[in-house]
Amino acid sequence: MKTNSVERKYVMPGDVVIEGDHNPIANVIKSGNKIISTKIGMAEIAYNGVRVIPLNGTYIPRIDDVVIGKVADMNGFAWEVDINSWF
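When we follow this note's numbering, the leftmost residue of the sequence shown carries the number 335, and every step to the right adds one.
Think of the hints as simulated: they come from the structure by calculation, not from any bench.
Just to be clear, a hint being listed does not mean it is correct.
Said to hold, decoys possible - Result set (DSS-like, lysine-lysine): computed pairs, CA atoms no more than 27 Å apart in a straight line: (1) K343 with K368; (2) K343 with K404; (3) K364 with K343; (4) K368 with K404; (5) K373 with K404; (6) K343 with K373; (7) K364 with K404.
Could you build the full structure based on these sequences and the hints that come with them?
Right, here's the structure in full:
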């Protein structure tokens, strides 16, 4: 029997939200049997799937920050990496 209960927790990009047979809904990816967050926010785990509600605000990078990004373009010896920031 499926229930309407929802589990919530704060997550960061790369965090494993849950393992097992769950449907990824929003701001998560499925890797094997793991559901992994792609955003900073509140993860909701419900009977019908898993999603992350992103926190509002813009990330402003600082020196020595470790960031997760997506390679947007490559040419020669340079890469353009999208870190979802306004810089």
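Each hint, compared with the structure:
Under the criterion of a C-alpha separation no larger than 27 Å, the hint pairing K343 with K368 is consistent with the structure, at around 16 Å. Distance restraint check for K343 and K404: the Cα-Cα separation of roughly 25 Å lies within the 27 Å cut-off, and the hinted pair is therefore satisfied. Only pairs whose Cα atoms come within 27 Å are accepted, and K364 paired with K343 is accepted, the gap being roughly 18 Å. Between the alpha carbons of K368 and K404 the distance comes to roughly 20 Å, so the proposed pair stays at or under 27 Å and holds.
Under the criterion of a C-alpha separation no larger than 27 Å, the hint pairing K373 with K404 is consistent with the structure, at around 13 Å. Under the criterion of a C-alpha separation no larger than 27 Å, the hint pairing K343 with K373 is consistent with the structure, at around 13 Å. Between the alpha carbons of K364 and K404 the distance comes to roughly 17 Å, so the proposed pair stays at or under 27 Å and holds.
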